[in-house]
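Chain order of the listed sequences is A and B. The end of the first sequence is residue 203 by the numbering used here, with every number in the run present. The end of the second sequence is residue 401 by the numbering used here, with every number in the run present.
Heads up, a few of these hints could be off.
Claimed, not checked - Computed cross-link-like contacts, DSSO-like style, restricted to lysine-lysine with a CA-CA straight-line distance of at most 30 Å:
#, chain 1, residue 1, chain 2, residue 2
1, B, 229, A, 59
2, A, 112, B, 352
3, B, 378, A, 155
4, B, 273, B, 369
5, A, 105, B, 298
6, A, 94, B, 298
7, A, 94, A, 155
8, A, 114, B, 345
9, B, 208, B, 378
10, B, 352, B, 298
11, B, 228, B, 345
12, A, 30, B, 298
13, A, 155, B, 369
14, A, 112, B, 298
15, B, 229, B, 208
16, B, 273, A, 30
17, B, 352, B, 273
18, B, 217, A, 59
19, A, 30, B, 369
20, A, 102, A, 114
21, A, 30, B, 345
22, B, 273, B, 229
Simulated from the structure, these hints should not be mistaken for laboratory data.
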Amino acid sequence: MTFEILTNPTNSQASLLFQQCLAEIVPENKLIQRAKDEVSGYFLERIETTDVSDDLWMKVINSNESKKKSHFVLDTDPFLSQLPRTLQAHLLNKKINWKSFKDVKIASILPKEKNEKLELIHVMPGAKIPQHTHEGNESFLVLHGSYSDEYGKYKQGTVQVRSDDHNHTPVGDARTGCIGLAYTHGKIKFSGKFGKLLNLVAN
Amino acid sequence: MAKVKNPFIEALAKVAESQDISSFKKIFDYFSPRLKSFLMRSGADEAIAEEIIQETMTIIWTKADYYDPKVASPSTWIYTIARNKKIDILRKSRKAILEDIDTAILPPVESKADENIEHDQKFEMIAQYLDDLPEDQLNLLKMNFFEEKSHGEISEITKIPLGTVKSRIRLALEKIRGKLEQDGTMANLNEGNNSSIN
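For reference, chain A alone in the conformation it holds in the complex (with noise of 0.2 Å):
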């Protein structure tokens, strides 16, 4: 399952922080996900090449702003120092808009972009974890803490698919409560003559 969705091509910001969050909790996914990156740098460095423009250069140089950022984060809001550092980055001085349901609280972490969403979804100790309301399949990762179902317990670093007809009522733990992220992503519908197989496909 891990490996399925490391492996899974991440073309939207939604899906590849889902991604990178995976890889940066679990160490073995981390090399994984740069095992995947080494092979594109060097198929990167064998791509012939194509002539840039002459005045790109120029541009280069003129639009560099020189000024470094500060990248320490010295005030540690002790909620985003449970996150994953890719977290930690995207959150970095943006105020988190949070929903609350009964005990657990959900925010959008990302703009919504066609049916992509990516939301934390924070579960108070022995609170149910919401189902997602709409047509589409999520991925669940958990960052922090625990959950249980009938099936079992989901630790740090597990990721469940759920699609829109699952049935289960997952527990956040009554200790720690669950801190996770889910990626919705809606089904995509294709047609035409490879339609029935795209979509087994894509989804």
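Here the structure of chain A is known, so what remains is to put chain B in place on it, guided by the hints.
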């Protein structure tokens, strides 16, 4: 036989330490035309491709001190910057969301241009492994990671069964991962801990 250190490691270090323009030009001259091919192949038109290259080069210039030669080879580091930038720019909102995810909360790396630091050959070993792979296997890796095709699409295109596609890619990735875990410096290799270097 000792392999020569990748010249871009030194170039990046010089950009980081002293904002050396000629080193930066070397990086630009080598990588821009290759990035352009990569970006246009993956769907960007010429103008957008050059815009992405321009922003990638700016990131390299301002964040060269974050490059760690122990973590990735120079082309890999540059590839990931361009790939992230491509995703940011090709989205409707164009927000630079992915630009800082690797550097915003990590401290810069200390200078790596030091000749006394043992040259870690693990990246050359990975390149050698890829050089030696049968072409159709190498192609699977290329389609999945460099061309961003899904396993299903690859199976469709190559007519290789889906399960076989997955297991071959998995095997290759595991091998490469294993090489990343090793310390590829001369001292370690001479102790016979790893397979022989050629």
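Handout entry: Distance restraint between residue 30(A) and residue 345(B), which requires alpha-carbon spacing of 30 Å or less
Key = holds, 20 Å
Problem - Agreement of residue 228(B) and residue 345(B) with the hint, judged by alpha carbon distance not exceeding 30 Å - result: holds, 28 Å
Practice task
Compare the distance between the alpha carbons of residue 378(B) and residue 155(A) with 30 Å, and conclude whether the hinted pair is satisfied.
Solution key: The hint holds at about 27 Å.
Handout entry: Hint consistency between residue 273(B) and residue 229(B) [alpha-carbon to alpha-carbon, up to 30 Å]
Key = The given pair, whose Cα atoms are some 21 Å apart, holds under the 30 Å limit.
Problem - Holds or violated: residue 352(B) to residue 298(B), with C-alpha atoms at most 30 Å apart - result: Judged against 30 Å, a Cα distance of about 24 Å means the pair holds.
Handout entry: Restraint check for residue 208(B) with residue 378(B), where alpha carbons must lie at most 30 Å apart
Key = Roughly 23 Å between the alpha carbons, so the hint for residue 208(B) and residue 378(B) holds.
Problem - Restraint status (C-alpha distance of residue 114(A) to residue 345(B) at most 30 Å) - result: holds, 27 Å
Handout entry: Pair hint residue 273(B) and residue 30(A), alpha-carbon separation not exceeding 30 Å
Key = holds, 14 Å
Practice task
Take the C-alpha atoms of residue 229(B) and residue 59(A), compute the straight-line distance between them, and say whether it is at most 30 Å.
Solution key: Status holds; Cα separation ~16 Å.
Exercise for the section: Could you grab the alpha-carbon distance between residue 30(A) and residue 298(B) and see if it respects the 30 Å cut-off? Expected result: Distance ~26 Å between residue 30(A) and residue 298(B) Cα, so the pair holds.
Practice task
Assess, step by step, whether the Cα of residue 217(B) is no farther than 30 Å from the Cα of residue 59(A), and give holds or violated.
Solution key: It holds: about 21 Å lies between the C-alpha atoms, which stays within 30 Å.
Practice task
Take a quick look at whether residue 112(A) and residue 298(B) sit within 30 Å of each other, Cα to Cα.
Solution key: holds, 12 Å
Checked against the numbered hints above, the structure violates none of them.
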